[in-house]
Structures are given as C-alpha cells and as structure tokens.
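Protein chains: 2
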Amino acid sequence: MSLPSISIPQARRIAVDVTGAQIVQEESPATRDSRGIYLPHYIEAVSHIAIDIGGSLAKVIYFTRSSHPVPTTPPRSDPSSPFLAPAQTLSSPPAASSSTLPHAPDSLASSSSSGEFHPPTPRPVVNGALTPGILSHARASRSGSPARPKKRGGVGGHHRFRRTSLPDPLPGGLVNFARFETERVDDLIEFLQDLIAESAKANRVSLDQMKSMVKVMATGGGAHKFYDRLTSELGVEVRREEEMECLILGLGFVALIPEEVFWFSEELVYKVSHPEVPITIPAAELPRPSPTPPMYQVSFAPAGDDTPVFPCLLVNIGSGVSIVKVDEDGSYERVSGTSLGGGTLWGLLSLLTDAATFDEMLLLSEQGDNSAVDMLVGDIYGQDANKIGLKSSTIASTFGKVFKHGEGGQRRKKAFKQEDIAKSLLYAISNNIGHVAYMNAAKYGLDRVFFSGCFIRGHAATISTLSYAIRFWSKGTMRACFLRHEGFLGAMGAWIKNVEDGDEAAAGINGVAAAAVAEALQLDDALEEVSKLSIS
Amino acid sequence: MSLPSISIPQARRIAVDVTGAQIVQEESPATRDSRGIYLPHYIEAVSHIAIDIGGSLAKVIYFTRSSHPVPTTPPRSDPSSPFLAPAQTLSSPPAASSSTLPHAPDSLASSSSSGEFHPPTPRPVVNGALTPGILSHARASRSGSPARPKKRGGVGGHHRFRRTSLPDPLPGGLVNFARFETERVDDLIEFLQDLIAESAKANRVSLDQMKSMVKVMATGGGAHKFYDRLTSELGVEVRREEEMECLILGLGFVALIPEEVFWFSEELVYKVSHPEVPITIPAAELPRPSPTPPMYQVSFAPAGDDTPVFPCLLVNIGSGVSIVKVDEDGSYERVSGTSLGGGTLWGLLSLLTDAATFDEMLLLSEQGDNSAVDMLVGDIYGQDANKIGLKSSTIASTFGKVFKHGEGGQRRKKAFKQEDIAKSLLYAISNNIGHVAYMNAAKYGLDRVFFSGCFIRGHAATISTLSYAIRFWSKGTMRACFLRHEGFLGAMGAWIKNVEDGDEAAAGINGVAAAAVAEALQLDDALEEVSKLSIS
Chain D
1 MSLPSISIPQ
11 ARRIAVDVTG
21 AQIVQEESPA
31 TRDSRGIYLP
41 HYIEAVSHIA
51 IDIGGSLAKV
61 IYFTRSSHPV
71 PTTPPRSDPS
81 SPFLAPAQTL
91 SSPPAASSST
101 LPHAPDSLAS
111 SSSSGEFHPP
121 TPRPVVNGAL
131 TPGILSHARA
141 SRSGSPARPK
151 KRGGVGGHHR
161 FRRTSLPDPL
171 PGGLVNFARF
181 ETERVDDLIE
191 FLQDLIAESA
201 KANRVSLDQM
211 KSMVKVMATG
221 GGAHKFYDRL
231 TSELGVEVRR
241 EEEMECLILG
251 LGFVALIPEE
261 VFWFSEELVY
271 KVSHPEVPIT
281 IPAAELPRPS
291 PTPPMYQVSF
301 APAGDDTPVF
311 PCLLVNIGSG
321 VSIVKVDEDG
331 SYERVSGTSL
341 GGGTLWGLLS
351 LLTDAATFDE
361 MLLLSEQGDN
371 SAVDMLVGDI
381 YGQDANKIGL
391 KSSTIASTFG
401 KVFKHGEGGQ
411 RRKKAFKQED
421 IAKSLLYAIS
431 NNIGHVAYMN
441 AAKYGLDRVF
451 FSGCFIRGHA
461 ATISTLSYAI
471 RFWSKGTMRA
481 CFLRHEGFLG
491 AMGAWIKNVE
501 DGDEAAAGIN
511 GVAAAAVAEA
521 LQLDDALEEV
531 SKLSIS
Chain Z
1 MSLPSISIPQ
11 ARRIAVDVTG
21 AQIVQEESPA
31 TRDSRGIYLP
41 HYIEAVSHIA
51 IDIGGSLAKV
61 IYFTRSSHPV
71 PTTPPRSDPS
81 SPFLAPAQTL
91 SSPPAASSST
101 LPHAPDSLAS
111 SSSSGEFHPP
121 TPRPVVNGAL
131 TPGILSHARA
141 SRSGSPARPK
151 KRGGVGGHHR
161 FRRTSLPDPL
171 PGGLVNFARF
181 ETERVDDLIE
191 FLQDLIAESA
201 KANRVSLDQM
211 KSMVKVMATG
221 GGAHKFYDRL
231 TSELGVEVRR
241 EEEMECLILG
251 LGFVALIPEE
261 VFWFSEELVY
271 KVSHPEVPIT
281 IPAAELPRPS
291 PTPPMYQVSF
301 APAGDDTPVF
311 PCLLVNIGSG
321 VSIVKVDEDG
331 SYERVSGTSL
341 GGGTLWGLLS
351 LLTDAATFDE
361 MLLLSEQGDN
371 SAVDMLVGDI
381 YGQDANKIGL
391 KSSTIASTFG
401 KVFKHGEGGQ
411 RRKKAFKQED
421 IAKSLLYAIS
431 NNIGHVAYMN
441 AAKYGLDRVF
451 FSGCFIRGHA
461 ATISTLSYAI
471 RFWSKGTMRA
481 CFLRHEGFLG
491 AMGAWIKNVE
501 DGDEAAAGIN
511 GVAAAAVAEA
521 LQLDDALEEV
531 SKLSIS
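Quick note, the sequences are listed as chains D and Z, same order. Taking full-length UniProt numbering, the leading residue of the first sequence gets 1, the next gets one more, and so forth. Taking full-length UniProt numbering, the leading residue of the second sequence gets 1, the next gets one more, and so forth.
Since the hints were derived computationally from the structure, they do not count as laboratory data. A portion of the hints provided could be inaccurate.
Note that the list lumps identical chains together, so a pair holds whenever it fits in one copy or between two copies.
[What the hints assert, rightly or not] Mimicking SDA-like on lysine to any residue, the simulated pairs with C-alpha atoms at most 20 Å apart in a straight line are:
#, residue 1, residue 2
1, Lys215, Asn203
2, Lys475, Glu333
3, Lys443, Arg334
4, Lys387, Tyr227
5, Lys215, Glu233
6, Lys475, Gly389
7, Lys475, Tyr444
8, Lys475, Val335
9, Lys387, Arg229
10, Lys443, Lys475
11, Lys443, Phe472
12, Lys417, Thr353
13, Lys475, Met439
14, Lys211, Ala197
15, Lys391, Arg334
Work out the full structure, taking the sequences as your base and the hints as a guide.
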C-alpha cells in the first residue's frame, strides 16, 4: 500500500514488561477477534489509545488497569474431533500441550464485536478506563525483577521494568482490542468518545481534563484520511504513525506474548484439506514436498519457542497485501505486495453469494467442493493424468469450469453452488498470496513467513492453504507462522511505540523489537547490548 | 499444469524453410485468431495435422500447398487514432514501419472462426488440402539456396532446404490455423474428418488411402483425455507429444516468422492505459520506473530483430498459467505457474456479466472504470496520499470497494457496472501473472518474458498490463514480448516436431529451435555447429 521505505530502528529502552502475559480466554465467540492480553506485571499508566484505520477495518488498542485476574477457563477441546469442528474458526487459545484445535462452534451465530453483523451492528463495549500517567498514584520505579536475571536490573537510570508501588488491588493491566468497519467510522469515533468519557468518570476528573491528557496514536491510511475528523470530534491530540513501521513494531512486541505465535503441523494442514479422511493419516498419503520434512509440531506452536521473530518476511493481508522484509535488527523494507487480498475475496463473494458477512463467506467455503468450479489437471488430461506423472487433483485453472458457452450471467450463476464458489476463491486468493510470499522469502533468503491481517481471522482453511503453499513451493524449507492477534499488528505497533510519554516515546519503541529478539533468545549478551544502547 | 521436467533437445536437422515467410492478412475479423503463415519457399508435402487440446480451447495446425500468393492488403490504419480504436483488438498485421496499431472494428460482431459464438457456432472452413508425402509428385531435393550463404549447402546428406522440382503452380504453401472450444470436441473431430476427406478428393485417392497416410500429432491434456475418441473416430494414427516441449519448439519456430514477435513501447503502454490523454504525452507524465528506460520502439517490434529468442521465460496463459524457463540451448524447465489464468477471468466474468463470449468480456472491459470497484491508495489515505509519497491511483485492493455491509448478492451486484467489473478483473489477473512472471524471470536472471496463450488474444489492455507489470517490477530492465500466433505455440511445436516422416521425425524437430537461435543471430558459426550435429 505504501511505497518501499527503509527504517533502521535503534534499540534504546524496553517499555513494557510482558512477564507472565496471558491471552484472555474469550467469554463468547463474539470476542474472538478481540481477545485481551493480560499483563500481570505491567501496571504503568498509559494515557493513549492506538488506532489503525485500514481500507476496510479500523482496529483499536487501549490499556486499562485491572483488578480482575485473567480468566482461567480451560480451552474447549473436543477429543472426538482433534482437528476441526464444522465451523473451522480458531477461537480459543491453544493449551500449551494440547494436540487439539479448539473452536467456537457458534462463532457465526453470535458474533457481535466484529461490527460486521447487520442490522443493527452492536458496538464493542468499553472495557475499563484509561489511566493517564498524570493521574497515576505512584510513579516510583523499581529496577530488576525477581523473575528475571539480576543482570537486567543494572540498566543505569533507565529501567527495564517499571512498577508502580501500588499493592494488590491493581495487580496488572489489560491490553484491550476492538474492531470497526472503516465505512462506519462514526461508530469508531463514538466508541473513542465513550472510552474517554468513561475514563474521566473512573478517574473523577472533568471530560476536558481527561481530553487534555489523552492522545490517539493513529496509523494506516485512515489516519490521514480521517485525521481532521478525529482531531475535531475527539478533541484530543492525534498523532500519526507510519504504517509499515507500526506493523513491524507490533510484530516484534506481540510475538513476546506466550501462545501468540502458532503454526500448523504438516498433519494438520493435510487434515484440514481432507476433512473426509479418518484421523489416522497413512504416512504415504501425506504430501511431502521434501523427503525430510521439518519437524512441525502436531498442534499449535506452544509458548516457549526460542526462535527470534526477526529476521522474517511479514505478509500483511488486509484489503490488499503488503509484503515486508524484516532484517535481524528490525530494520525493514516493503518489498512487494498484491492487490488480490481480503478486499478482493470479500468483494467477489459479496457479488457471487448471499453471504452478508465475511464470516458467513468463510462458513460457506467450508461446506463447498471447489472441484465443481475449478478445472483440475484430471479434467484436462482425463484418466491418464496420474499415469504420466501429473497429480490429477491439482488445480489447473481456478473457476475454469464455470465458463459455459453462450449462457447469460444469471442463468449460469444458478448452475453453481455458492459454497463451491466460496471455497474456490478463498483457496485461490490464499494460494496466490502464499505463492508470492514464497517467491519473496526465497529472494531474500528468509525461512519464516509471518502472515498477519484481518483476512486470516483464524480460519483453518485459510491458514492451511497459506501453510501448504509455503511448504509446497519451498519444498519444506520454510515455515508459515501465524498470530492470534493477526489483525492488530499495526495498532499494536502504534501503541507500543508510544507507551512512554513525550520525547522519549519515539525512542522507546524500537527497543521493544530488539528486546523481543533478545528475550526469546534469552541472550544476556544481547540484553547487555540493549542496555548499553539505552544509555546512549 | 504439468510437473517440472527437463529436456535437453539436440540440434540435428532443419526442416522448414521460412525464407520470405509472411503472415497472411486476414480477410475478415473472423480469421483474426487464425492468420495463416505463407511459406513461399517451403513446398514439401506434409502429411500430418497438429492439434493442441487444452482445458478450454483446442488448436489445430495443418499445412496446405497453395497456388495463391499471399494477399497484399495493406494494414488498415486510422491516422486520427494512432494507438487504439474502441475495440482494442489487434487484428491486422503491423506494417513493418508503421507506428499505428491496426484493429478490426467489427471483430465482435462477425467473429466466427473462434468457435465461441452461440448459437449456432460456425465451424472453420477447411482451407486447402493436405498433400501426404507419398503423393508428392517429386521428392528430389536440392541443397543450398541462392538466398542463403553457401556454407549452408554443405550439410552432407542432410539438406537444409527441401524443394520439389515442381514449377510455378505450387510456389509455396500455407500453414493454416483453426481453433475450437474443447467442450465442443465434436466440432474439432468433424473438422478433421472434413479436412481428411477434402484432401482425399483433392489428391484423387480413396478416403481409406488418405487415412492411411495422414497422422495427427496431438499435445495438451486433451491429447490424453480424447486419445481414444480421436483414434477411433478419425481412423488415423494419433501420436501424443509432451506439452511443454511443444510449447518451446513452437516458440523457437514461430519467432522465425517476420512480424511475429512484437512488444509495446513505453508510450504505447501509457496511451492504452490513459485513453483520455491527448496523443502528445508530456514526458513528465510517463511512468518511468527507471531513470533510463530501455529504448522501446514506439510501435510493434518489426521484422529483422536480431535478438535470439532463447534464453527467455515463457509464460503460457491458457485456462491456467505455465511458466517455463528456457535456456540458451533450448533446454527448458517448467518452474512455476498459477491457477489464476484465462479460465479464471472467463469464469468470473461469465457469472458477473451478461457477456456470452470472451471477446464480449474484453469489449466490456474497454468501456469500464476500475476505480468504481477497486480500492485505490487514494481511497484509503485520502487527499494526503500524494503528499506522503504514495501514488493515489495505485490499486490497493482489487474489488475492495464492492463489499458493502449487509446487502445480499443480487442487490449489491446491481450497484456495480459490468464494464467496471470486467476492467478490474482483467487488470487484476493480468497484473498478477505479470508479477509472478517477473519474480521468476528475476530468479533465473532472464531479461525477456514471452507471453503466449489464448488468454491474450491480441487485446491491447491485456498486453499493456502485462508489459507494464514487467517494466514496473523490473524497474525497466526486462521486456515483455508477445506473439501474433500467441495461442498456437503448442500446436506449432507438435507440427514442427513432426514435419519429417518416420523415425527422422523425432530427431528433426529440436533442430528447429536451435536453428531459430542461429538464424536470428545470423551466426555462421552457430550454423556450422548445427551442421556438424546434423551429421552425427
């Protein structure tokens, strides 16, 4: 979406303590897209809201201090269906050692927070209140942490971990997530107004006072398009942040959260794409592009994965697709992209099916058979395909069976099932993105590809297709990685970049990315490096 | 479509004399796709028909001896419209020095040979008769040619140019082209039956005799799928040839034909994509990804281009897309492909528009404005896009404007014009193919990309989009090349591979590709090489 740009962040300061962070178990499928992140050790006041306004969706992040411990509902798993239930939507956090793929059976029937249901669209409820720094009771900071190596405490005047001296009533805080359709920007503004008003009440200050203390950090194209409206209607300072920088910062930060990053095992990819095959997969039937496939985990990647998040390729799939190369030090460049993204699938399926929402489209796709509309190699070569070394089930031409001689659009359309159309197009768009992503990863010698953006929506078939594309083209040498807060990287980056006030803000941010690497590696030397940088 | 395969052809023998070859001026737009190639110096009898049966279209090539000189109708040009007329279909051959882009104004109204009109579909008329070698009056062969360097005559017992000793009545021959829809394979078979019957009559032999002398060389998936039907219903020998090999052989041969290969100049690409801009283009408005763009010709590349056709990347766009890397020696490998090809566009537009044929779809696209359905960078960023260094007209998301909250498919569909939908999807599919092609060309260090296949259909917007994509992504370092017989490479390869009878056939073929390189280069050394090989 934006032109290639290069930025070399400099590691300076670590701003947010993610020790013991947990992704909040959603209480209903309605909050699937907006699972909070509970940070038990981070209770510093944060006086800003981050928003990322894309072409189709606006994403919001804000931090509230909380006296509620994180819910401890165990993940819902169904032992009789170890892979996927009919609604293939990942909605619960994976258990660390679970081999199951949790799901929310009724995610479509009751979804509300996504703002995509109609009519009327329930707005997300404001959850907690902002606590601007100036209102914070205590700003004493301690250095070090009992849970950390001592060395980390020695960072001169700059403290890695900031704690208030307040006791138990506020044992941590919650990073909150919300999502709106961009064309309903009114809802977004009203939500932000409510949040600010609630925060004024909670902190017992006047609305004007609260407004003078709150900032909105805005990224994405809408930060520019709606800048004037945001500024005038919210009455607070709005600061604009560059989109790609925020994506990378957001990735670096969110990857620190346990159980955030996951990938699909080879077996799982196979299972999702062959729902009719019994659970026990004959080894011979597993498509193995490489004779020695990498040892993928059978379930989601658990917490504790030691691989640093950078270097990698980041493929952000929103309305369009941005492909960003990220080097080991967090510097980045937007190297490619494609206009065939989420907006394309939504748009096509909104014309070709009766589905009113993207979730309904995904549900349709799960019930479809793409071979009714796609031209397979077997359709072209006939029975001989396998004999001459071709795989007859390979899709030769997406939608290649649809063109029928001389029939008008309406009559022709009725001859094809919406489910089959949805499955074909979801597969085609996902596979094309996976293909272009692979080409770029290969070009830059990267072996991990992170897929983000609201297109993915935790949808198993999408994840499976992207995973398979990466493995197929790379002959098993690359891994496709996913994130549970896939759609919020930009907002997350805008938030983390500005976690500290004033001039320090711009400096503080990028250290997070570097710290992410260091932390994951548990390299004291790397931390030492960061510490040194933070002094300079 | 097929799995990667490698073949190293060996240069042996040169079978067809293309000296003075001319592409026949079509007499009506109906024959746009099937322009014959007149070979004044090649009158050897050819007893085989070549067919290439793809997923959507079946292509036919056969050679007839002719007493008719090539028509000399000058290309129709309209000085008031030096670039493109409303129906942007290239239908006439370019004049060697012309700066105009000829067109067939009524190509849609009267097209017949394509077999895509309905109902009823006129079948191509059999043009001339086959003359099996056994019936040829004279088989004396002479070596050398007055128009050629003497050296070429010295190829031992293997003669580069074969001539019958017959005089004027048969001064040459015509390579004929025809096309059918694969789902109407009955029409193809009937056409071939007619051709064989006509040839029997013309040669005054019985049908059974003729059948015993005629062979069908079949490639493409349908060669396998319909093998039994072809064999039993035609009553002739059917030989199957590998698809990719035929493509490459066909490219090597057809590129020898003067005025066959062409490309779009930078100015022409601009003009096609900005029909509203006056003919005089301000230099500042030309998109120049490179500060020193290559010196593209303003019109089609004329005859006499000395660049050898290999090495190159061949991107064959049929129902699906095959991407083939071709080395300097004509060896090749299918390195990539995508299922988003011609079948995808046909299929989508057959559901989303009332167009009954692909040509009608292309015509629709010429009248459309894709910004009505595509989400542009300017739509996301607003007025500020250009200020912050983004190009507001860049397409961020194909179809990104179509998704509208909560409306059912039918109502929503009516809100968008078919023309806009057609333009958006034609652009998206073409651009995606261009992008993937560029990535592969870059990967293998190739600077020329040949686009072939029936998807292109000489359509200016398609050619322009593919050209722009290659130039944009390569920063002007690569060139997109096109062919006037774009859809017939496979059939051409199957034909040329079998121009000589019996066991010599398999050997004779590949020499053509090598000869193509040598001839284009006019390197006597290369020819010497070929000569040596042909002796061994």
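- [ ] Report the numbers of all earlier hints that the structure fails to satisfy, in ascending order.
- [x] Violated: none.
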